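> Here are the chains, one letter per residue:
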Amino acid sequence: DGGITQSPKYLFRKEGQNVTLSCEQNLNHDAMYWYRQDPGQGLRLIYYSQIVNDFQKGDIAEGYSVSREKKESFPLTVTSAQKNPTAFYLCASSSSGVHSDTQYFGPGTRLTVL
Amino acid sequence: DQQVKQNSPSLSVQEGRISILNCDYTNSMFDYFLWYKKYPAEGPTFLISISSIKDKNEDGRFTVFLNKSAKHLSLHIVPSQPGDSAVYFCAATYFGNEKLTFGTGTRLTIIP
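Residue numbers (my numbering), protein chains in the order written: chain A, 1 to 114; chain B, 1 to 112.
Where hints are given, some of them may not hold.
Dumping the calculated EDC-like pairs for lysine to aspartate or glutamate here, alpha-carbon to alpha-carbon at most 20 Å [stated by the list, open to error]:
{"id": "1", "chain 1": "B", "residue 1": "Lys5", "chain 2": "A", "residue 2": "Asp54"}
{"id": "2", "chain 1": "A", "residue 1": "Lys83", "chain 2": "A", "residue 2": "Glu69"}
{"id": "3", "chain 1": "B", "residue 1": "Lys38", "chain 2": "A", "residue 2": "Asp38"}
{"id": "4", "chain 1": "B", "residue 1": "Lys99", "chain 2": "A", "residue 2": "Asp38"}
Honestly, the hints are just simulated from the structure, not real lab data.
Please read these numbers as outputs of a predicted model, since none were measured by experiment.
Could you build the full structure based on these sequences and the hints that come with them?
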């Protein structure tokens, strides 16, 4: 089945620890995105990547880092510098950029920092 | 600055009736709009989109209307079904922009 997988579904970490969220897609999409969702807020863009080995900051990139070494993978690291890391994180991909094609989302990872 | 606004956090509609979800935007550059549906603890799924060259787009029970002069779009669901109960997000972008701007969402509850 084609799609986007995110693992794990739930993640708990102690304050001050870095944590990496996985996102893999087998849709052969060029573009990948990371969003954060908080209660009562829309989806806010953290980072995005249009091609391998290239990525751009979104609206709320501070305290996060990404890599895009392979077309199918776009891991997100939540660093200790992120002030409020507890949130629901969503990964998405699209075949040719946002305007001409739909973004497909993974099931999300809920991160709780204790 | 919230460029895409969904002013109704929640909406309840009787099963079989019409559900109307609204979205307003402020950025005149936006020329492509999308609606996504989201169930709790899941990723959003794409519902329907509309380009600014149109004022209406239909797909089955879902119709999106765009009023460019008012910078307003709406999603109509007819007839509403229990499985439509979810959070609906409006999103917007423009040609050359690689990002989507999302609204804050409207929680739709269909009452049996």
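> Look at each hint and say if it fits the structure.
Hint check results:
Restraint check: the Cα-Cα separation between Lys5 (chain B) and Asp54 (chain A) comes to about 31 Å, which exceeds 20 Å; the hinted pair is violated. Of the pairs offered as hints, the one joining Lys83 (chain A) and Glu69 (chain A) is violated, with about 27 Å between alpha carbons and a cut-off of 20 Å exceeded. With a CA separation close to 14 Å, the supplied pair Lys38 (chain B) and Asp38 (chain A) stays within the 20 Å bound. For a cut-off of 20 Å, the pair hint linking Lys99 (chain B) to Asp38 (chain A) stands: about 19 Å separates their Cα positions.
The structure fails hints 1, 2 (numbered hints given earlier, in ascending order).
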